[in-house]
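S.K.: Sequence:
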Amino acid sequence: MKAALAGPGGELLYQARRATGRDRGPDAVVEGILDFAAELRALGVDRFGEPARAAGVAVPGIVDEEHGTAVYAANLGWRDVPLRALLGERLGSVPVALGHDVRTGGLAEGRIGAGKGADRFLFVPLGTGIAGAIGIDGRVESGAHGFAGEIGHVVVRPGGLPCPCGQRGCLERFASASAVSQAWAEACGDPDADAADCAKAVDSGDPRARAVWQDAVDALADGLVTALTLLDPRVLIIGGGLAEAGETLFSPLRDAVRRRVTFQKLPRIVPAALGDTAGCLGAGLLAWDLLGTDPHGPGPHGAGPDGTTPTTTTPPEVTT
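The opening residue of the sequence shown carries number 1 in the UniProt record's numbering; numbering runs sequentially from there.
By construction, these hints were calculated from the structure, which means they are not laboratory data.
Virtual Cβ for every residue (Gly too), placed ideally from N, Cα, C.
Treat the hints loosely; a few may be bogus.
Claimed, not checked - Distance windows between CB atoms, simulated:
1) G49 with D119: 15 to 25 angstroms
2) G21 with P158: 35 to 45 angstroms
3) S251 with S93: 43 to 53 angstroms
Construct the complete structure from the given sequences, taking the supplied hints into account.
M.R.: Okay, structure coming up:
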C-alpha cells in the first residue's frame, strides 16, 4: 500500500508505504487501509494544524466508482467491499472518493504527468496484465459498467493462448511484462528469467530475445492501433514494468504503430512520467475533485462541502 498527503496540484507533501497484509485475509487488508488513512489524516493535524479535508483511495480489480464498492479483486480476496462507506465511517465527515488503480494512475498521468495539457490521451501500463485509462478533457472514463479501458482483453491473436477472462488470444497474453517473462524463460531455458532479462538480452543482440521481444511489440502495436482507431487520442502514454526498458521498447513500438496506421492520426507515444506513484497521486486528485479543487479547472461538484471552493492553502488529503 502507498499513501500520501497531497496538495491540490498533485504535490506530495508526505508519503509512506506498508505491506497489504493480505496473508492475513481480505478483512485484514481492509482494516489496514482504514488504519493507514486514519493515521495520515491525524498526521495532517500534526504537520498542518488541521485534519485532511478529503480522502481518495485507488484499488485493483473491478470497481463500482459510483457506489464506492470494490466489487472484485482476486489478489486481495475481495467481493463487494463497501470501501468508500467504511472509510467515511472511520474518517468521520471527510468525503471519500474510490477509484480503479489504473484509471486513477491515468488521471494523474493525464493531468500532471506525461499527458499534461492533452485533451485526449490513453494511458496503458504494461505489468502483470494490461489495462488502460481513457482520458478526455482532464477526466478518465469508467464506462457505463466500469470496464472502460480494458485493452488487455482485446483479441489480437484469434485462437491464440487462452486467457483467464475466457477468451483466446488477448493482448495481455502476448505483450504484458508477465507474458514476455514467460516467453523469454521458455526461449532461454531459465525458469527464473524475466522481462527485464529479456530486454537486456535484446540490447546485447541475442536473436532469441529479439524474436520474443518483437512478437510482444507486434501484438502490442496491433492492440494499440485498434484503440487509437476507436479513441483518437492525442497522446499515448505507456507505463508499467515493461516501459522501464526505455527505447528498447519505445523505438520498435513507435515504428510498429507507424507501419500499421493508414487514415488514423498518429499520436505521440511517450513513457509514463510518474512511475509507481501515479495511482496514489490520482487518488489524491479524485479527493480534490470532491472539494471542487482542480488545478486545471473546476471540479465536477463545484464548491466544497462548506460552500467555498478550497484553494492551495487547503490542508492536503490522505490518499491510499
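S.K.: For every hint, state whether the structure bears it out.
M.R.: Do the hints match the structure? See the list:
no.: 1; hint: G49 with D119: 15 to 25 angstroms; verdict: violated, 38 angstroms
no.: 2; hint: G21 with P158: 35 to 45 angstroms; verdict: holds, 41 angstroms
no.: 3; hint: S251 with S93: 43 to 53 angstroms; verdict: holds, 52 angstroms
Against the hints set out earlier in the document, a violation occurs for number 1 only.
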